[in-house]
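Position chain B against the provided structure of chain A, taking the given hints into account.
Protein chains: 2
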Amino acid sequence: MTDSVLEMLESEKSEILNRLLELVSIPSVSTDPTYLDGMAKARELLLRRFHGIGLSNVQTLEAGGHAAVYGEWLATRDRPTILIYGHYDVQPPDPVELWNSPPFEPEIRNGRIYARGVSDDKGPLSIALETMAAFFTVEQTLPFNVKVLLEGEEETGSATLEKILRNHHSLLSTDAVLSADGARWLPGLNAVNVGSRGNAGFEFTVKTADKDLHSGRYGGVVPNALHVLARMVAELHDPDGSVAVPSFYQGAREISDTERQALTDIPFNEHEFFSNTGAPSFGEPGYSALEQLWLRPCLDVNGMWGGYTAPGGKTVIPNEAHAKLTVRIVPGQDPNLVSKAVKDFLLKQCPEGCSVRFGADRGQSAAYELPEGHPLLTAVEAALTDTFGSAPHRIRIGGTLPMADLVRRVLGVDTVMFSFSTADEDFHAPNEFFRLSSLDEGLRAWTALFRRLGEMTNAQFFEFRR
Amino acid sequence: MTDSVLEMLESEKSEILNRLLELVSIPSVSTDPTYLDGMAKARELLLRRFHGIGLSNVQTLEAGGHAAVYGEWLATRDRPTILIYGHYDVQPPDPVELWNSPPFEPEIRNGRIYARGVSDDKGPLSIALETMAAFFTVEQTLPFNVKVLLEGEEETGSATLEKILRNHHSLLSTDAVLSADGARWLPGLNAVNVGSRGNAGFEFTVKTADKDLHSGRYGGVVPNALHVLARMVAELHDPDGSVAVPSFYQGAREISDTERQALTDIPFNEHEFFSNTGAPSFGEPGYSALEQLWLRPCLDVNGMWGGYTAPGGKTVIPNEAHAKLTVRIVPGQDPNLVSKAVKDFLLKQCPEGCSVRFGADRGQSAAYELPEGHPLLTAVEAALTDTFGSAPHRIRIGGTLPMADLVRRVLGVDTVMFSFSTADEDFHAPNEFFRLSSLDEGLRAWTALFRRLGEMTNAQFFEFRR
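Residue numbers (numbering that gives the first Met the number 0), protein chains in the order written: chain A, 0 to 465; chain B, 0 to 465.
Keep in mind that the hints are not guaranteed to be accurate.
All copies of an identical chain are treated as equivalent in the list; a pair is satisfied when it fits inside any one copy or across any two copies.
The calculated lysine-lysine pairs, modelled on DSBU-like cross-linking and capped at a C-alpha distance of 30 Å, are [said to hold, decoys possible]:
| # | residue 1 | residue 2 |
| --- | --- | --- |
| 1 | Lys162 | Lys339 |
| 2 | Lys12 | Lys40 |
| 3 | Lys12 | Lys210 |
| 4 | Lys342 | Lys206 |
| 5 | Lys342 | Lys210 |
| 6 | Lys162 | Lys342 |
| 7 | Lys210 | Lys347 |
Honestly, the hints are just simulated from the structure, not real lab data.
Only chain A is shown next, with the shape it has when bound in the complex (with noise of 0.2 Å):
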């Protein structure tokens, strides 16, 4: 197979390389204000680089938070029009010093790269761009008409996406999204993912007091608002990792015996899942690992803090104690009711004389799945099995796609998410890194795709538009 673009890719890849270790030294943080210059510094170098790709209209879309960046290539009027989705921001590089090498200066190291956004999501969506620059310097245009929308916003929920959609709704019209975001879920499994799950979120604090007080004065006759918090948190969850809200599975489908047998077909090892993190297994009886991650809803607790977290000691009774909580929520549930339910349960547990204060709701997206037939789907299998000679599993992802849910809501149209990320990559946590192969698998599989959609329709996708 001589594709004279993959010949393109491979003799530039040096330069692919040296182009995404440029975009990940940018500390592009959305959800630290101190970060901010990070944000605008990783927008100019990709509105650089949609003109030396050859995109037209280039602009940024801005709604009141982190812009996105768009670009187009409208070519091929009886073509699809695919709008391809990225996001450019990436997750707090916090605790720094669990980083073997700074999180903003990459390193190269057996195969993969390091750096903080590397996986999530600046390699697969460098992988798009690549893609197009080569249809466009060996074929001087791409072979279905394109639009490219970088969002800035993806890790703290996709706060203003819905306001850019709602606001450029023409502009950004399109026959179905093809996500560069997503992960794939094991290394080496070939896989496309039909569903994910949603989330919501939110931040509480508890108090007891006005003030701080101390121990030896106050010790044994007034609440301690860390006390407080360990017992609503610790109510959350029956012993057995269930989730112990009233209502909090509720919605939640059922999951029938023949997903339960396809869930098992899927060559997964779940030994050594859970052995590569170092946890125990756990969680809702009654439930195997892929149907827990995938079909159920869960709840945890991210960050919790008050009173004095200093070195050494302080004898002090907090008056205040803080929790930021999220939820993933499975197809059939409404994010703004799973929040609901669980803030009624917290409040119910709060001592009388005590108060809980709820901050903002946090990206509240409903859980996402694909409609069986989608042409999208159709060719992202087959460029598949073209890539790697078999056809991909069908699998979902425990993780949030904001936009999915957000896309079909507002344009009307399905996402494939074709990333070439991978799940173990720690991404969220210290020491993420991309494998310089799944560079490699990327661009082929992307220009393989490409080559499949060139040879489709727009009007294949109609009945899937709504």
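For chain B alone, coordinates are given in the frame of chain A:
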């Protein structure tokens, strides 16, 4: 009553205040190594002051931690020798943002000096030093033998005080100890302390996996260190406020009916006590607030942290979570046994596959009770009667004076607390203050006590020395 020493103190009023303001401007925080400079500066100031007052044999006593400052005046062979104790170290100022004026830039507002350490213990120890200074100025001597020891580790549990006492056993030999630390219980209540609770503490870390995990990839099937910690902390207490740790109350002596009645006779406005804190009343059923605070042990988590605590959200499953914990114990209990009972209980709560790691023990002190008929107690009661016109109530404190326990064990003598700070002065919290009126009362009472001790002989103390 025209006492020439009191007249001298009155005429020196503004100099006395300025010297105190200078002392509290020094950030002598013993618990945090970033304040080492402040600790050294406080010692230098006190050494100069000891020389200036007229004390002899002035020196620092050091045993591997923060040095104590020592001075003495030994002139009158048949009079008692009293070791005056205080501490020049202070609590950390956190959370600094809640202070209305900077913690180490003292401000006088509404008859109160606001500064970290002004109440605990720099104001009270200054009263002792100023009283001595005035006696020297007026009478060129002190009416009894004085040794002064100001330690620098009270706020960290007096880690090397025992070594200092043992290494300088004959230098520090005394008939009794008079403590300028300890705090008066209620503003306006003429009282003398006859006992204090002991304490013990440690920090611990819960570990549930080798690294932080992403809640999208693992949410639901792995334990979360914050959930495990929360459950451990929650299980420490029953919902009614009692401590649920087995053997926790073991050794605590019964409170007799006579004792209960004496506690009831103390003019204590429970409603006001609680409404000043903004906290609801709470705690072990079957005991009044005073009984709980003075004669029942308690357990408080003083700090708790883990996961993502910066602005914004992060969908992380933290693999580690931390807590700092202290207990207050009562006469009859052993701090090591109580600590061990709590640790055993925490270990028992730890789920399989997870681990608990304990930090070093901090501040293990037994509780303290003054023997009936002690001559220093008699002198203090007389001095308070002289000063306020009525006999003081005998009360206790819920806090801990580690040195009282230590001094009895090492020097074989008892300690009477004679501090003029007040327990409502927010030491160990933001906006610590000291009343200017307490400064006046303290100087009068210390002068009266010096007169009373000048009428006593050392022989009166023999039977109370061990």
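Checked hints:
no.	hint	result
1	Lys162 / Lys339	within (24 Å within a copy, 57 Å between copies)
2	Lys12 / Lys40	within (24 Å within a copy, 62 Å between copies)
3	Lys12 / Lys210	neither (60 Å within a copy, 33 Å between copies)
4	Lys342 / Lys206	both (15 Å within a copy, 27 Å between copies)
5	Lys342 / Lys210	both (24 Å within a copy, 29 Å between copies)
6	Lys162 / Lys342	within (27 Å within a copy, 53 Å between copies)
7	Lys210 / Lys347	within (23 Å within a copy, 33 Å between copies)
Hint violations for this structure: number 3 only, all remaining hints satisfied.
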